Amino acid sequence: MYKAAVFDVDGTIADTIDTICYYGNRSMKKFGLPEIERERYKYLVGRGYENLVKGMLCEKNAYSDALFNEMKEFYHDDYETDSMYLTKLYDGISDVVKFLKNSGFKLGVLSNKPTGAVHDVIGAFFKEGTFDILCGGGDGFPLKPDPSALLDMLKKLDVSPDECIYAGDTKVDVETGKNAKIFTIGALWGFRTREELENAGADVIASEPREIIEIVKNKNNF
Numbered sequence: 516m517y518k519a520a521v522f523d524v525d526g527t528i529a530d531t532i533d534t535i536c537y538y539g540n541r542s543m544k545k546f547g548l549p550e551i552e553r554e555r556y557k558y559l560v561g562r563g564y565e566n567l568v569k570g571m572l573c574e575k576n577a578y579s580d581a582l583f584n585e586m587k588e589f590y591h592d593d594y595e596t597d598s599m600y601l602t603k604l605y606d607g608i609s610d611v612v613k614f615l616k617n618s619g620f621k622l623g624v625l626s627n628k629p630t631g632a633v634h635d636v637i638g639a640f641f642k643e644g645t646f647d648i649l650c651g652g653g654d655g656f657p658l659k660p661d662p663s664a665l666l667d668m669l670k671k672l673d674v675s676p677d678e679c680i681y682a683g684d685t686k687v688d689v690e691t692g693k694n695a696k697i698f699t700i701g702a703l704w705g706f707r708t709r710e711e712l713e714n715a716g717a718d719v720i721a722s723e724p725r726e727i728i729e730i731v732k733n734k735n736n737f
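Once you know that position 109 of the sequence shown is 624 in the numbering used here, the rest is easy, because the numbers rise by one and skip nothing.
If you are wondering where the hints come from, they were derived from the structure by calculation, not from laboratory data.
No false leads were slipped in.
If you anchor each label on the Cβ, the simulated ranges turn out as follows: (1) K603 - N694: 21 to 31 Å; (2) Y558 - I720: 10 to 20 Å; (3) T645 - P676: 21 to 31 Å; (4) G619 - R541: 42 to 52 Å; (5) A581 - E729: 46 to 56 Å.
Subject to a maximum C-alpha distance of 35 Å in a straight line, what follows is the list of computed DSBU-like cross-link-like pairs (lysine-lysine): (6) K642 - K557; (7) K671 - K518; (8) K569 - K587; (9) K732 - K557.
Note that the structure is predicted; figures quoted are calculated from it, not measured.
Note that beta-carbon positions come from the ideal geometry of N, C-alpha and C, so glycine has one too.
With the hints as extra help, turn the sequences into a complete structure.
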């Protein structure tokens, strides 16, 4: 029986692609580089902001250690000035969270996004205390798909891997869930394709957030 649920942020709880594109292209412009198309950012995100910036530079064949070090600091600090700019909650996510909370689930958020931005997003869209634990890319654990942070969350929530579900929209998320031996839901409403989620080994793929409610009901015999 499932007792806990952990969610990714970008592409799962919140549609942040316009935010990332905005600050990414501000960084590109700052350093005299051409902008990157919005859709390309969907494939550059997911492994933390440093890998995002590295990918942005490689996208334009402009990578050097010096430029990377300078740009990553600019991007991080610029993004943190207003991390909610252009960010939207996916339709149906609040219904899922409300259902799980009312069903007695313990709730967590795990993202490679900087910790401050994770707290900004969750604090903007949900009442304090809705989620029991939040973990971002600055909390001292290796980034996903390493399962260390997720397993630590389970320990703090006092649940076993087979009592938890994890939902995310990328290969990295699915691999994280599988590495932790947790039932993993691929979020098709996010940034990546069904093919990527299937190939990564998602246990089930949900086309829209409210399908998670039915998945949990079926698994828990509600």
